[in-house]
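Participant: Protein sequence lines, in the order shown, are assigned to chains A and B. All residue numbers for the first sequence refer to my numbering, where the first residue is 2 and numbers rise by one. All residue numbers for the second sequence refer to my numbering, where the first residue is 2 and numbers rise by one.
Please note that the accuracy of each hint is not assured.
Unchecked claim - Chain A stretches covered by chain B per the calculated footprint, using a threshold of three residues with CB under 8 angstroms from any CB of chain B:
#	segment
1	40-49
2	87-99
3	106-114
What the hints contain is simulated information worked out from the structure, not anything from laboratory work. Keep in mind the model is a prediction, meaning the values are calculated, not measured. For each residue, glycine too, the CB sits at the ideal point set by N, CA and C.
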Amino acid sequence: DAGVTQSPTHLIKTRGQQVTLRCSPKSGHDTVSWYQQALGQGPQFIFQYYEEEERQRGNFPDRFSGHQFPNYSSELNVNALLLGDSALYLCASSLEGGLGGYTFGSGTRLTVV
Amino acid sequence: GENVEQHPSTLSVQEGDSAVIKCTYSDSASNYFPWYKQELGKRPQLIIDIRSNVGEKKDQRIAVTLNKTAKHFSLHITETQPEDSAVYFCAARDVNAGGTSYGKLTFGQGTILTVHP
Numbered sequence: 002d003a004g005v006t007q008s009p010t011h012l013i014k015t016r017g018q019q020v021t022l023r024c025s026p027k028s029g030h031d032t033v034s035w036y037q038q039a040l041g042q043g044p045q046f047i048f049q050y051y052e053e054e055e056r057q058r059g060n061f062p063d064r065f066s067g068h069q070f071p072n073y074s075s076e077l078n079v080n081a082l083l084l085g086d087s088a089l090y091l092c093a094s095s096l097e098g099g100l101g102g103y104t105f106g107s108g109t110r111l112t113v114v
Numbered sequence: 002g003e004n005v006e007q008h009p010s011t012l013s014v015q016e017g018d019s020a021v022i023k024c025t026y027s028d029s030a031s032n033y034f035p036w037y038k039q040e041l042g043k044r045p046q047l048i049i050d051i052r053s054n055v056g057e058k059k060d061q062r063i064a065v066t067l068n069k070t071a072k073h074f075s076l077h078i079t080e081t082q083p084e085d086s087a088v089y090f091c092a093a094r095d096v097n098a099g100g101t102s103y104g105k106l107t108f109g110q111g112t113i114l115t116v117h118p
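In isolation and in its complexed conformation, chain A is listed as follows (with noise of 0.2 angstroms):
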């Protein structure tokens, strides 16, 4: 059984660039979160996929986005990148409203120079 995968597992782009980070939820699976987890932090809601459509968005600003497809896997595209976007992504899967609870993917560690 499949947990969820992420990928790139880290990454390292520099200020003004743009990133594209990956998300494969667990089998059977149908939204996707993603998250922020800055070092010594809490991880941070940024946005919810289900049918293809953000339902809900933490404070994050417009540069960041993403998609969800049509087999359930989500993108989050970040543009115009700071410093402070510097942090470990973390994608999580669950049914409709979190039924069954949540599982985590391992994250995306991304480095921003």
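On the provided structure of chain A, position chain B as indicated by the hints.
Facilitator: Okay, now just chain B, sitting in the frame of chain A:
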């Protein structure tokens, strides 16, 4: 929006002792409260959760209690072992104005638990 406060930020215990981590939340409508364990460089892993219609839940050495009136919930680990050393996060799932939950989790700041052999 929901706000979750977690204490203490660090906790050091001797092997065999008990450890207690406490969280408070602000939104009385929140209905689901998971606890995650995160080891260095690894994914958060669910260790126990509780729903708002339950006051206590136990799974072997781990238990969680929920006081809805006071809006706080706690993680209790008994007979701690060195492998329990990790960062622990509490979280609350919010409910929107329409009474449904899309599943957004708000996390506490984390507790670094160190269990000394």
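Participant: State for each hint whether it applies.
Facilitator: To see whether the hints hold, each was checked on the structure:
1. For the segment 40-49 of chain A, the proposed coverage by chain B is satisfied: 7 residues have a C-beta within less than 8 angstroms of a C-beta in that chain, meeting the threshold of three.
2. As drawn, the segment 87-99 of chain A meets chain B at 6 residues by the rule of a beta-carbon pair under 8 angstroms; at three or more, the given contact holds.
3. Only residues whose C-beta sits within less than 8 angstroms of a C-beta in chain B count toward coverage, and the segment 106-114 of chain A has 3 of them, enough to reach three; the restraint holds.
Checked against the numbered hints above, the structure violates none of them.
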